[in-house]
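Number of protein chains: 2
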Amino acid sequence: MILVNGARKSHIDITDRGFQYGDGLFETLEVKAGHPVFLKRHLERLNSGCQRLSIPFPGFEILSVETIQLCANQSLAVLKIIITRGSGGRGYRQPDDIQATRVLSLHPYPDYPESFREQGIVSRFCTSRLGLNPGLAGIKHLNRLEQIMARAEWNDPDIQEGLMLDVNGHVIEGTMTNLFYIKDNCLYTSILSHSGVSGILRSLVMKIAEDCAIPVIEHLFDKYELLTANEVFVCNSIIGIWPVRQIENTRFCVGQITRNLQLQLRGLIKTELNNEH
Amino acid sequence: MILVNGARKSHIDITDRGFQYGDGLFETLEVKAGHPVFLKRHLERLNSGCQRLSIPFPGFEILSVETIQLCANQSLAVLKIIITRGSGGRGYRQPDDIQATRVLSLHPYPDYPESFREQGIVSRFCTSRLGLNPGLAGIKHLNRLEQIMARAEWNDPDIQEGLMLDVNGHVIEGTMTNLFYIKDNCLYTSILSHSGVSGILRSLVMKIAEDCAIPVIEHLFDKYELLTANEVFVCNSIIGIWPVRQIENTRFCVGQITRNLQLQLRGLIKTELNNEH
Chain P
1 MILVNGARKS HIDITDRGFQ YGDGLFETLE VKAGHPVFLK RHLERLNSGC
51 QRLSIPFPGF EILSVETIQL CANQSLAVLK IIITRGSGGR GYRQPDDIQA
101 TRVLSLHPYP DYPESFREQG IVSRFCTSRL GLNPGLAGIK HLNRLEQIMA
151 RAEWNDPDIQ EGLMLDVNGH VIEGTMTNLF YIKDNCLYTS ILSHSGVSGI
201 LRSLVMKIAE DCAIPVIEHL FDKYELLTAN EVFVCNSIIG IWPVRQIENT
251 RFCVGQITRN LQLQLRGLIK TELNNEH
Chain H
278 MILVNGARKS HIDITDRGFQ YGDGLFETLE VKAGHPVFLK RHLERLNSGC
328 QRLSIPFPGF EILSVETIQL CANQSLAVLK IIITRGSGGR GYRQPDDIQA
378 TRVLSLHPYP DYPESFREQG IVSRFCTSRL GLNPGLAGIK HLNRLEQIMA
428 RAEWNDPDIQ EGLMLDVNGH VIEGTMTNLF YIKDNCLYTS ILSHSGVSGI
478 LRSLVMKIAE DCAIPVIEHL FDKYELLTAN EVFVCNSIIG IWPVRQIENT
528 RFCVGQITRN LQLQLRGLIK TELNNEH
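As they're listed, the protein sequences go chains P and H. Residues 1 to 277 in the working numbering are what the first sequence spells out, letter by letter. Residues 278 to 554 in the working numbering are what the second sequence spells out, letter by letter.
Keep in mind that the hints were calculated from the coordinates and are not lab data. Some hints could be false.
[Said to hold, decoys possible] Cross-link-like lysine-lysine pairs, in silico, DSSO-like; alpha carbons within 27 Å at most:
(1) H/K484 - H/K309
(2) P/K207 - P/K183
(3) P/K9 - H/K286
(4) P/K80 - P/K9
(5) P/K140 - H/K417
(6) P/K223 - P/K140
(7) H/K317 - H/K357
(8) H/K500 - H/K309
(9) H/K286 - H/K317
(10) P/K9 - H/K357
(11) P/K223 - P/K270
(12) P/K80 - H/K286
[Stated by the list, open to error] With the C-beta cut set under 7 Å, the calculated list includes, among others, these residues of chain P facing chain H:
(13) L3
(14) G6
(15) L132
Cβ atoms here follow ideal geometry from the backbone N, Cα and C, with glycine treated the same way.
For reference, chain P alone in the conformation it holds in the complex (with noise of 0.2 Å):
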């Protein structure tokens, strides 16, 4: 089911600027038992994204209210929330009067069996890179290019994601995920300043880690930094936590940081889903 502005609708209009130039942003969220898990937090990340590209934010009431309608009776679902600029404006010039568009849309769930989270999975580095641009990094917009691409690189169902680097070979993320590693104790992520989508999960857990007293690190990190790490896990809003168990030929074992930052996860979740009932 899809609602564009409000009604059911499964098209656009050809003169929406998230067609015509990739000018907008989204949410992906995981649905579960009619909730919308994390739903302030991903409302709050769309609101601060749609400031840093100036398309007026449709408002919190208005897509809490959407989202709850759409989501009702949805006991395992994707709901993905796209924001755009709207119609109008000549060529990259944007409208004086903009009228965001936002679509609300359900998806299945993706059936990944359950080893992915227990016995980790296995990864591969991706040769196209990521752009730098300190204006849009960290923002979940619509110019996915670069994710398309890398995700375009494998076609072996054995490989569950691509590790992208930057320009500079920096470490930076997964096609789909974020990505943590642990090393004495310390867990480390990229810093999202020049490129990177700055995940809902990753900020939750940073936050996890450091309410255990684990250091939490931020810096740029090449591939052999990451390839001599203890524990190595991706994260994304659907999938939670996945440990990475290999890395091309470098084989990780899922240590109990990685653990227990899952169990902590799954209890945040389900707090959360216990007190919006």
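Let chain P serve as the given structure and place chain H on it in line with the hints.
Frame of chain P; chain H shown alone:
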């Protein structure tokens, strides 16, 4: 008027990857006396862009037929051709069976005053930077947030174009144009291996210059190099060649080489239109 896969329509499926991810590319052509100018060159670029993005090219025959059908009776207009990877595919992964979407749309020709072509335009440097990505550089793809952010930097109607630098400080192009400068009777333009759009007019200007025995040099240059040029101009398929008479506080004369290139270009368009008749 808009044709979507050959049928008159004004909308596109929400599931289209052009809307979901900016997963596609486009061309913008001038339509003159019923004829799409430099159609063959535009379709060739579209074909090579499709190849680079692994999108199946819809074919020269069908695109030519639909273009000519749409342009008939248009004395002066703009034609936009969009090709996307079509619908489907979960997330960034492309579907195994890609059915490209083609959208052809007509737009009014912008009412630029003749003075832009004759006396030149005023330009500024944008603070928004172009990211570096060799895999996408040169392609006129649908990921255009960088240009939109740059174009949003000014509202002053006396400024006609913004010049964009890459993250390393090299001047690359205008928000909607390619950029050239002349120094000591040589023609210079930026290398587009890491960012920028490889324009049809850009390649034509370079060809005309070479035919006139003007040395053409593609290289990376900074603001200072540009501001100490003898002549500066920008170009694209809609505006042709616009001399730049001012960049911020630096003034330029509309020089003989720019005038000659404009003249040659006009001749080339005339010849093409005559040959088609």
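request  = Tell me, in ascending order, the numbers of any earlier hints that this structure violates.
outcome  = Violated hints: 8, 11, 13, 14; rest satisfied.
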